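Chemist: Sequence:
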Amino acid sequence: MIEHLVRHPDERALVKSDPDALFDRFGIAPDAREVLRSGSRDELSHLGIHGNYVIKWLIWSGRPTLPFFAMSHFFDRR
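The letter at position 17 of the sequence shown is residue 17 when you use the working numbering, and the numbering goes up by one with no holes.
It is possible that some hints are incorrect.
[What the hints assert, rightly or not] Beta-carbon label-pair distances, calculated as ranges:
id, residue 1, residue 2, range
1, 42, 8, 23 to 31 Å
2, 16, 75, 32 to 40 Å
3, 75, 7, 37 to 45 Å
4, 11, 45, 40 to 48 Å
5, 7, 31, 21 to 29 Å
6, 51, 21, 24 to 32 Å
7, 75, 6, 34 to 42 Å
8, 75, 33, 19 to 27 Å
9, 18, 48, 20 to 28 Å
10, 17, 51, 21 to 29 Å
11, 66, 8, 21 to 29 Å
12, 45, 18, 23 to 31 Å
[Stated by the list, open to error] Taking lysine to aspartate or glutamate pairs in the EDC-like style, the calculated list, with each CA pair at most 20 Å apart, reads:
id, residue 1, residue 2
13, 16, 3
14, 56, 34
15, 56, 43
16, 56, 20
Quick caveat, the hints were computed from the structure, so don't treat them as lab data. Quick caveat, the model's predicted, so the values are computed rather than measured. For every residue, glycine included, the Cβ atom is placed at its ideal position computed from N, Cα and C.
All chains should be modelled from the sequences, with the hints used to inform the complete structure.
Modeler: Pasting the structure below:
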């Protein structure tokens with residue numbers, strides 16, 4: 001499904017607007033759908049999704065690709 005979206009960028013909006021339409025078209029199992037909707041990078045990876053596609057999926061779905069951390073964490077260590 002993600003590989004299809006790489007080749008058909010005009011359909012990427014469905015990731016946010018109607019993910020069930022994508023899931024139905026590609027026969028995504030119910031438990032995998034939940035991970036695709038809200039899972040972390042690791043959870044997506046555990047589905048067998050390649051790391052590059054995990055990042056693409058997170059970006060297209062509007063979720064962060066990395067956990068947030070305060071910049072002060074970096075500067076406070078100096």
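Chemist: Which of the stated hints cannot be reconciled with the structure, identified by number in ascending sequence?
Modeler: Checked against the structure, the hints that fail are numbers 4, 8, while the rest are satisfied.
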